[in-house]
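**Q** Listed here are the chains, written in short residue letters.
2 protein chains.
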Amino acid sequence: MSRQAPIVKSMLELLERGNLQAFLALAQKAEPADLGDVLSSLDEEERLSVVKSLPRRLSGAAIIEMPDELQAEETIESLAEDSPEAVGEIVEELADDEAADFVGSLEPEQQERVLAEIEDREDIEDLLRYDPETAGGLMTATVVTLREASTAGEAIESLRRQAEEIEDFAQVYVVDAQDHLLGVLPIKRLVTSPAGRAVRDLMEDTEIRVPPEMDQEEVARMMSRYNVPAVPVVDGGGKLLGQVTFDDVIDVVEAEQTEDLLKFGGTSAEEELSAPWTEAVRRRLPWLLVNLITAFVAGGVVYMFQEELGKVIALSIWMPIIAGMGGNGGTQALAVTVRRVALGQIPMGRAPGVIGKEVAAGLVNGFVVGLVATAVAMMLGHGAKMGLVVLLALTGNLFVAGFAGAFIPITLGRLGIDPAVASSIFVTTFTDVCGFLLLFGLAGWVLGV
Amino acid sequence: MSRQAPIVKSMLELLERGNLQAFLALAQKAEPADLGDVLSSLDEEERLSVVKSLPRRLSGAAIIEMPDELQAEETIESLAEDSPEAVGEIVEELADDEAADFVGSLEPEQQERVLAEIEDREDIEDLLRYDPETAGGLMTATVVTLREASTAGEAIESLRRQAEEIEDFAQVYVVDAQDHLLGVLPIKRLVTSPAGRAVRDLMEDTEIRVPPEMDQEEVARMMSRYNVPAVPVVDGGGKLLGQVTFDDVIDVVEAEQTEDLLKFGGTSAEEELSAPWTEAVRRRLPWLLVNLITAFVAGGVVYMFQEELGKVIALSIWMPIIAGMGGNGGTQALAVTVRRVALGQIPMGRAPGVIGKEVAAGLVNGFVVGLVATAVAMMLGHGAKMGLVVLLALTGNLFVAGFAGAFIPITLGRLGIDPAVASSIFVTTFTDVCGFLLLFGLAGWVLGV
Chain W
76 MSRQAPIVKS
86 MLELLERGNL
96 QAFLALAQKA
106 EPADLGDVLS
116 SLDEEERLSV
126 VKSLPRRLSG
136 AAIIEMPDEL
146 QAEETIESLA
156 EDSPEAVGEI
166 VEELADDEAA
176 DFVGSLEPEQ
186 QERVLAEIED
196 REDIEDLLRY
206 DPETAGGLMT
216 ATVVTLREAS
226 TAGEAIESLR
236 RQAEEIEDFA
246 QVYVVDAQDH
256 LLGVLPIKRL
266 VTSPAGRAVR
276 DLMEDTEIRV
286 PPEMDQEEVA
296 RMMSRYNVPA
306 VPVVDGGGKL
316 LGQVTFDDVI
326 DVVEAEQTED
336 LLKFGGTSAE
346 EELSAPWTEA
356 VRRRLPWLLV
366 NLITAFVAGG
376 VVYMFQEELG
386 KVIALSIWMP
396 IIAGMGGNGG
406 TQALAVTVRR
416 VALGQIPMGR
426 APGVIGKEVA
436 AGLVNGFVVG
446 LVATAVAMML
456 GHGAKMGLVV
466 LLALTGNLFV
476 AGFAGAFIPI
486 TLGRLGIDPA
496 VASSIFVTTF
506 TDVCGFLLLF
516 GLAGWVLGV
Chain C
76 MSRQAPIVKS
86 MLELLERGNL
96 QAFLALAQKA
106 EPADLGDVLS
116 SLDEEERLSV
126 VKSLPRRLSG
136 AAIIEMPDEL
146 QAEETIESLA
156 EDSPEAVGEI
166 VEELADDEAA
176 DFVGSLEPEQ
186 QERVLAEIED
196 REDIEDLLRY
206 DPETAGGLMT
216 ATVVTLREAS
226 TAGEAIESLR
236 RQAEEIEDFA
246 QVYVVDAQDH
256 LLGVLPIKRL
266 VTSPAGRAVR
276 DLMEDTEIRV
286 PPEMDQEEVA
296 RMMSRYNVPA
306 VPVVDGGGKL
316 LGQVTFDDVI
326 DVVEAEQTED
336 LLKFGGTSAE
346 EELSAPWTEA
356 VRRRLPWLLV
366 NLITAFVAGG
376 VVYMFQEELG
386 KVIALSIWMP
396 IIAGMGGNGG
406 TQALAVTVRR
416 VALGQIPMGR
426 APGVIGKEVA
436 AGLVNGFVVG
446 LVATAVAMML
456 GHGAKMGLVV
466 LLALTGNLFV
476 AGFAGAFIPI
486 TLGRLGIDPA
496 VASSIFVTTF
506 TDVCGFLLLF
516 GLAGWVLGV
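The listed protein sequences correspond, in order, to chains W and C.
Sequence positions in the first sequence follow this note's numbering and run 76 to 524.
Sequence positions in the second sequence follow this note's numbering and run 76 to 524.
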């Protein structure tokens, strides 16, 4: 649940009261994210008028902090429609990676109109060539570089000259005359070394570098693994192209979180949260049709036992209970195991232990749930035999659920299939089928139907 | 899927061949995360012997990169059992926040034994006082500070003196004589300013600061929102206590991802992925018992229609299909909506639109799935009337699923209840109950049973 920062409330109140002067004064002091919240809370017309009245530097920074849906269609596109020069001016105030995202969210013809307003359009066009979900798409091309041959004193002079274009000095890269990446120089070392020491002797090796084609999730995982605030992007020849910084990566990890939940919930990870209903149909229908096939498998089991069911119609009451509990137990085991597989926490030798744990938990949970259900069966007057059937069916089905919930994602992971996507369909089919087989099979055996 | 870095493979091969000398040489050059992977791949005995043969600096850094489960029980605890001095020496080489986590993973008596070996145990004990899931638990107390009254030149001198204790200079804090936080000084500004300028005039205000009690998720959200690489932790009086850095935050965001999936899968967010089966029972059983109650509701609906079912036993085949498809459709809508609620993307006025979208998608998906199912019904010889019942029941149930999947999480969110936890149980109960009501109700109407 996101709460509004106090400054956001104040700015909105000033706008409501029509006090634009005071709003602009407060906006100067606000963080871009807060100003972005203000824009998001306005309707499209108000938003455009506020954007146009703000200094270009502020409006650009605020727009890129808005949620994607409002950003692209309702703000950047309508602003580009209204005034391509304004968009051009805003883009010129942004960092190159943000500028590329900004322009990239427009339709091709609009892009052309906006780029025509921009002086150094080539830098942005270079970045636009990369897939937005790769290292190249995330990176900024403005990096702090030093030559290996310079001294610490010369290096600090050089940083002074570069300071104007560069946002921060978190990472300083050492390159040769052809811009090949040679190492990194922690600013701490530079500041604390004698002015005469050569940069070459101060720099550290950097094994951690990524190609521009690397998928953004892999970049994020790498930065998190090695705890680096920025990672250099180099081409095949070792030439420094740019860097990806920690703030881009947090966004990627958050987007990944959305994708995982969507996959687990049985829709496409590519479904935009705010997409129109037609996209929701397109993304989800294929999955529902696959599910329909597996539902028919469960229905088929019931079909096999039509005769028995006709004799003891009370069994039908227990069908949704036994299948449903199995599904719940399986999903619990699945959630835990899918996550462990994703984090690489299940090396080869540990799989039997993990499955054993889930089976044990399922067995115990099934037995307890089964006892409760049996008590209900007795109270309903279904008799002791039916109670025994229910107890054994629930225990058995949660045992099966624990096994399937662990075995299926581990196996899919080994086969290189993302277990978050495909597991739940197999697990619930498994528990439905086994649940009905147990219920009717045990009924045949215990009740003699 | 985590792949092993080439250097990890090489180190493991050297260990296997018993070439400890070459292994230690390679370990010197390895990143802590890679060395942590090597330790994780060994069995407990080998691991302890490698840890003891490594330089203390390396073994500590590597251990904290291991997965939590292996770290606490199988490594730190057994090492502390075996040799508290070794643990003490390792802890002394760690940064204070890591040292506190390290010691914090031990049992109280072991903690005491290890702390007795450490010279500056007070720093670690200070950090151990904070809840590990708060800003205080994440923070490091070693920060770079400057006095407001000094000049840029003096400040650089002061940084040189502090350099030994401090890992990096990402964030430099300006404090008064009583350590009250006055502002931050971007290193870029310091390096590029004339030596005579006062720090007071160079520093920037910092509105972004957190109390030590703040929950780690809120800290992570704040840092991601404001794109800062580090956030200062201050007490109620404004005194600087420490800072939380970006690398801690990426870990928090990843842990949150695990929690979300566990909640969505119907188990407790507090269940440790690697917990023993007894904890799995304890965490999941209450949830299964709640689910049992709702399953009885669905069973109760079937009970109401025993007579009808007895007349047309073929209806039983369609029970799992209609309930199951409704559950799937509801979970799809739920995954999308839960995530939007969590990201704060559904302001008051937008709720009807979001629900409308899900209802429309459910209706269309239900109709298409219903047509396929009807075709199957005809092929099975269930007749045109039964086909119509199936078509209408599936369309209706996916309509209901879209509504429930959006309405329930939005409403829970408004009530301040985490929709990831409680939604799925309501949604599937809803779709089960409505599915059976639709199936039997329509059967009564169309088939006249």
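Worth flagging that the hints you see were computed from the coordinates, not collected in a lab.
Take these hints with a grain of salt, some might be off.
All copies of an identical chain are treated as equivalent in the list; a pair is satisfied when it fits inside any one copy or across any two copies.
To be verified - Within a straight-line C-alpha distance of at most 25 Å, the following computed SDA-like cross-link-like pairs (lysine to any residue) qualify: (1) K263 <-> R235; (2) K84 <-> E182; (3) K314 <-> P142; (4) K84 <-> T486; (5) K104 <-> R357; (6) K314 <-> Q186; (7) K263 <-> E192; (8) K84 <-> G311.
**Q** All hints, please: hold or fail.
**A** Against the structure, the hints come out as follows:
{"no.": "1", "hint": "K263 <-> R235", "result": "both (16 Å within a copy, 8 Å between copies)"}
{"no.": "2", "hint": "K84 <-> E182", "result": "neither (34 Å within a copy, 47 Å between copies)"}
{"no.": "3", "hint": "K314 <-> P142", "result": "neither (34 Å within a copy, 35 Å between copies)"}
{"no.": "4", "hint": "K84 <-> T486", "result": "between (51 Å within a copy, 23 Å between copies)"}
{"no.": "5", "hint": "K104 <-> R357", "result": "neither (44 Å within a copy, 50 Å between copies)"}
{"no.": "6", "hint": "K314 <-> Q186", "result": "neither (29 Å within a copy, 49 Å between copies)"}
{"no.": "7", "hint": "K263 <-> E192", "result": "neither (40 Å within a copy, 31 Å between copies)"}
{"no.": "8", "hint": "K84 <-> G311", "result": "between (50 Å within a copy, 24 Å between copies)"}
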